[in-house]
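Engineer: Sequence:
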Amino acid sequence: MTTTTRTAHPTRRAPQWQRSAVWQLSVYAYLMAWAWAIAVVVVAVILAIVSRSVNVELSGVAFSHHAFLWFPFSIAIMVTTSLLTTHVAAGMTRASFIKGAIIAAVATGIGNAVVATLLLVAERAVYDRLGWVHGSDDAGRAVLQDGALAYAAGLALLFSAGMLSGLLVGICFYRFGGLGGILALPLALSPILLTGWVGMPNEAQWTAWGSAPGSVPSHPLLGVLVLAAAATAYHLLVRRAPIAKKEG
Numbered sequence: 033m034t035t036t037t038r039t040a041h042p043t044r045r046a047p048q049w050q051r052s053a054v055w056q057l058s059v060y061a062y063l064m065a066w067a068w069a070i071a072v073v074v075v076a077v078i079l080a081i082v083s084r085s086v087n088v089e090l091s092g093v094a095f096s097h098h099a100f101l102w103f104p105f106s107i108a109i110m111v112t113t114s115l116l117t118t119h120v121a122a123g124m125t126r127a128s129f130i131k132g133a134i135i136a137a138v139a140t141g142i143g144n145a146v147v148a149t150l151l152l153v154a155e156r157a158v159y160d161r162l163g164w165v166h167g168s169d170d171a172g173r174a175v176l177q178d179g180a181l182a183y184a185a186g187l188a189l190l191f192s193a194g195m196l197s198g199l200l201v202g203i204c205f206y207r208f209g210g211l212g213g214i215l216a217l218p219l220a221l222s223p224i225l226l227t228g229w230v231g232m233p234n235e236a237q238w239t240a241w242g243s244a245p246g247s248v249p250s251h252p253l254l255g256v257l258v259l260a261a262a263a264t265a266y267h268l269l270v271r272r273a274p275i276a277k278k279e280g
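FYI, the numbering for the sequence shown is 33 to 280, going by my numbering.
Some clues are possibly wrong.
Distance windows between CB atoms, simulated [stated by the list, open to error]:
1. ALA61 to VAL86: 35 to 41 Å
2. LEU211 to VAL82: 40 to 46 Å
3. ALA127 to VAL153: 35 to 41 Å
4. ALA69 to GLY123: 32 to 38 Å
5. PHE208 to VAL165: 46 to 52 Å
6. THR117 to GLY163: 20 to 26 Å
Bear in mind the hints are in silico, worked out from the structure with no lab data behind them.
Nothing here was measured: the structure is a model prediction, and the numbers come from that model.
Glycine included, every Cβ here is placed at the ideal spot set by N, Cα and C.
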């Protein structure tokens, strides 16, 4: 009688950057799921109340865009300020943190854009059924007048820019302290502004401040270049960042 000996193969762990990205994505996904659930309920309640007294002519979901630009932005700030020290202290590299943070940030921006657009499409169907006008904040302009896909692409650029700006704000405060972080805010926030200016050729596209100046050349590829520049700046700032010591 022979005994078969099985060779034990060591379990291969996922790369550091992948583990970092998955962990950060899980944080974003959990918070975004709650945020979207609350937003849908709030929008539905407000529309139900408003429709009793006036004709609805504006999208309710579109008003949530500000929330899903700035709320994830604030979480991205905390990701850098609170997780970088722990990540390096656990024996993992800055490079893996950088890669994981950027992937998680952009994926969250794209995910929020997809959810927002799907909700807008569903909302438009409800509006059409009820005879309401699915308008934007510009009089006589439909939210999705140029198509849901184009609108989603624009939101993905803006929401991703918001996430990368959050990472930049976080690392600026981490590296340079309170005063230095405040002074660096114009540069750290510039990806949001620049993406809206040069990455949004369609005037119907939502931005955080209204229409971009018509004299500025714009194309979605320019928006992608802005995101690439923001990611590069984050990489350079984190790569040689002195790790703060936790007391206690």
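Engineer: Taking the hints in turn, state whether each one holds.
Structural biologist: How the hints compare with the structure:
no.	hint	in the structure
1	ALA61 to VAL86: 35 to 41 Å	holds, 37 Å
2	LEU211 to VAL82: 40 to 46 Å	holds, 45 Å
3	ALA127 to VAL153: 35 to 41 Å	holds, 39 Å
4	ALA69 to GLY123: 32 to 38 Å	holds, 37 Å
5	PHE208 to VAL165: 46 to 52 Å	holds, 48 Å
6	THR117 to GLY163: 20 to 26 Å	violated, 56 Å
Consistency note: the structure conflicts with earlier hint 6 alone.
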